[in-house]
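Peer 1: Protein sequences, first through last, are from chains F and H. Just so you know, we're using this note's numbering here: the first sequence kicks off at 79 and counts up by one. Just so you know, we're using this note's numbering here: the second sequence kicks off at 5 and counts up by one.
Please note: incorrect hints may appear among the correct ones.
[Stated by the list, open to error] As a list, the in silico DSS-like pairs of lysine-lysine whose alpha-carbon atoms are at most 27 Å apart:
no., chain 1, residue 1, chain 2, residue 2
1, F, 169, H, 237
2, F, 204, H, 106
3, F, 280, F, 81
4, F, 352, H, 219
5, H, 97, F, 201
6, H, 106, F, 201
7, H, 97, F, 204
8, F, 204, H, 204
9, H, 59, F, 201
10, H, 219, F, 81
11, H, 230, H, 249
12, H, 106, F, 116
13, H, 237, F, 280
14, H, 230, F, 81
15, H, 132, F, 352
[To be verified] Computed footprint of chain H on chain F, listed as stretches where at least three residues anywhere in the stretch have a Cβ under 8 Å from a Cβ of chain H:
no., segment
16, 193-203
17, 226-239
Just so you know, the hints here were simulated from the structure itself, not pulled from any lab data. Since we're looking at a predicted model, the values are computed, not measured. Heads up, the beta-carbon is just placed ideally off N, CA and C, and yes, glycines get one too.
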Amino acid sequence: MSKRIFITGIGIISAIGKNIPDTFLSLSESRSGLGRIKWLDTVHKDEILVAEVPFSNEELASMAKVESLDGYTRTTLLAVIAASEAVNSAKITNMLELTTGLISGNTVGGMDKSEIYYYDYLKERKGNSYIETHDCADSTEKLADLFGISSFVTTVSTACSSAANAMMLGARMIQNGSLQRVIAGGTECLTKFHINGFNSLKILDPNPCKPFDQNRMGINLGEGAGYVILEGEEALLTPERIICELSGWGNACEAFHQTASSPDGNGAYLAMKKALDMSGLKPSDIAYINAHGTGTDNNDVSEGHAIEHLFGDTIPHVSSTKPFTGHTTSAAGVIESIISILGMKNNMIFPNLNFSEQIDELKFSPVKQLIPNINQKHVLSNSFGFGGNNTALIFSQFS
Amino acid sequence: MAYISGIGCISPQHTMDNEVFLEEAVNQQALFLQCIQPNSYKEFINPILSRRLSKIIKMGITSALISLKDAGIENPGAVITGTGLGCVEDTEKFLMTMLDNKETLLNPTNFMQSTYNTISSQIAIILKCFNYNSTYVHRGFSFESAVMDALDLMANGDADNALVGGIDELTENHFQITSLLGNCRQEAENNLELLHHPGKGTIPGEGSVFFTLTKEQQSSTYCELKGIKMHYKPANFFGVWIEIKQLLEEHNLTEEDIDLLVMGTNGNQETDIYYQQIHSSLFPNTSVASFKHLCGEYYTASAFGLLLAANILKRQTVPTVCQFKGDKPSNIRNIILYNHYAGDQHSVMLLSKC
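Please take these sequences and the hints and turn them into a complete structure.
Peer 2: Structure representation (structure tokens):
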């Protein structure tokens with residue numbers, strides 16, 4: 079049993095970097111990963127902006143040290159790259175020395191291949207190595223097989239809060255004593271399926287997204303993966319490995335609408351409140367909020383009201399980093415958690431790019447430019463999913 | 005641990021009425037089994053809403069509501085769903101329209117309802133339940149992860165009860181694609197004969213079972229769910245053997261205390277061997293009940309197995325159609341439910357009479 083949960087490893091890949099150092103460099107230079115689609119074949123190629131990982135599947139396979147692309151979807155390749163970096167950064171040499179679990183968040187699964195081969199399977203009756211990669215669990219099991227994990231392996235799918243809920247479950251399982259260490263995070267590649275899905279909902283911004291701006295127009299989708307290594311109090315034996323503490327989490331359901339948030343942000347408020355209560359912190363202890371901030375009309379007002387409701391007149395620094403990475407859907411929870419951790423560790427707050435005008439209904443503006451030399455003891459990261467699956471995580475400096 | 009205090013089930017059998025249990029088994033010549041849906045969902049779901057919902061969402065909501073009613077609980081402390089494939093019908097509709105129309109003229113409703121968490125969130129929306137809500141989507145661990153999450157929430161004091169479901173749907177298209185993998189019987193088979201004809205492949209199925217788990221025993225309680233273990237890709241049956249040994253030990257029980265095994269035998273002789281090895285090595289004299297000839301094989305079929313085990317403990321009798329090996333036991337105190345999917349995801353649950 080362990081009361082405290084520590085993060086001892088982090089790994090990431092997204093449009094702004096193939097690893098932690100590259101990601102940090104892009105963030106500290108305010109360099110966005112948004113651009114035109116290069117690798118995915120879609121008719122919307124020239125109409126929309128996305129944050130695509132700038133490598134082909136072949137290049138990703140070589141980075142992931144995967145010999146053949148057979149059975150490897152882009153989602154899995156991204157997962158292998160980020161999870162391997164996390165495992166290395168935690169200096170894990172023997173996976174079996176601690177009871178280790180693997181919990182990954184995913185929603186689109188192997189749809190990048192299914193949308194190519196679906197009619198081959200159905201009409202031509204031709205199978206291939208991707209027929210079994212359609213579901214969300216496939217990428218998780220590829221990781222489990224790679225790392226030799228058998229104690230506990232599962233996949234969470236709560237849409238865009240999947241990775242945040244994966245981290246939360248991992249932390250709880252260490253606390254209740256069923257696991258000693260967890261590789262937790264999430265992965266998602268761009269697919270025609272969800273680009274068209276968000277497009278049919280008319281919430282894609284054809285220009286760089288402007289979260290928390292009065293004239294925001296919607297989302298830019300992104301892709302990527304991120305994983306963290308969670309450990310219990312055994313980590314205190316090697317304190318030099320500890321990156322930070324995961325000190326609070328909260329999950330609440332808004333129970334309002336399948337895809338829209340309530341105007342008052344009730345679900346977002348409840349998730350943040352639960353996380354804060356659990357951590358034993360006061361609202362004023364939170365130095366920074368990495369907002370879900372998708373750039374849709376609906377989310378940003380709703381989340382903004384929830385932040386005002388919880389933090390009152392002393393609102394912490396807030397930014398959405400989706401103008402850097404795009405909305406990486408199932409991976410967003412962990413990618414934005416890692417960005418928050420990098421800011422906290424390096425005394426920086428990364429800006430909410432593309433912001434110019436405050437939302438009329440809100441009393442605050444997000445951080446416009448990078449803030450250097452700012453000590454942050456505690457930071458909060460929000461992730462909200464379709465169906466009102468809202469989760470908030472709090473990370474704290476280790477001392 | 006927790007108590008199973010409410011059940012709602014829509015399956016290929018007549019399982020919607022909790023007053024009777026598998027007295028008449030549905031028997032058909034089939035390549036796959038599909039659920040017997042209610043004649044109308046209007047008793048459970050507003051017809052205006054119902055028209056927009058696919059089969060799996062309607063089955064999920066309905067079985068969830070039946071389960072809560074069975075337990076006399078209006079607003080659960082958590083809603084947690086396990087589903088291997090989620091909303092297949094909506095996903096297929098959106099995917100095929102996208103392919104056919106070259107990414108134009110798409111209906112957002114199918115996309116909105118294609119995400120795996122639609123069932124859990126629609127249940128929460130109908131109940132106005134703001135509590136913990138999650139969805140697990142890991143093949144033969146989907147339902148098990150949901151159960152484990154619920155047990156942990158209750159142990160922690162985060163919830164006094166939880167609504168936990170295992171749900172999957174099988175569409176005609178999905179069956180066609182799955183059958184390419186060679187895991188299905190090539191010719192239609194009488195489902196009640198399936199387990200008597202071991203061979204290559206099995207009969208796929210579908211179902212929706214929601215359990216209301218409570219921290220305290222109550223008048224509606226079926227049985228106690230003492231614990232759960234999972235093991236991913238054991239090298240051989242010994243990996244499962246150890247999990248069962250540990251589970252028994254944690255609850256101060258021995259093999260002799262187990263009066264019945266409920267196992268996920270599905271007629272595929274290649275993977276049914278695990279069940280035979282566990283039976284002969286740990287419980288050679290224990291009777292075995294089985295269930296996949298009734299619901300078919302699917303990622304969350306273990307939820308149907310749990311429905312069977314819970315009813316056996318409550319009613320103290322094994323439905324004749326489920327008795328697989330040995331004599332029908334009397335005085336059934338403890339049951340081990342052992343299931344695996346395709347030999348990869350193995351799970352064990354320990355259940356006790358109240």
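Peer 1: Hint by hint, work out which the structure violates, then give me just those numbers in ascending order.
Peer 2: Violated: hints 3 and 13.
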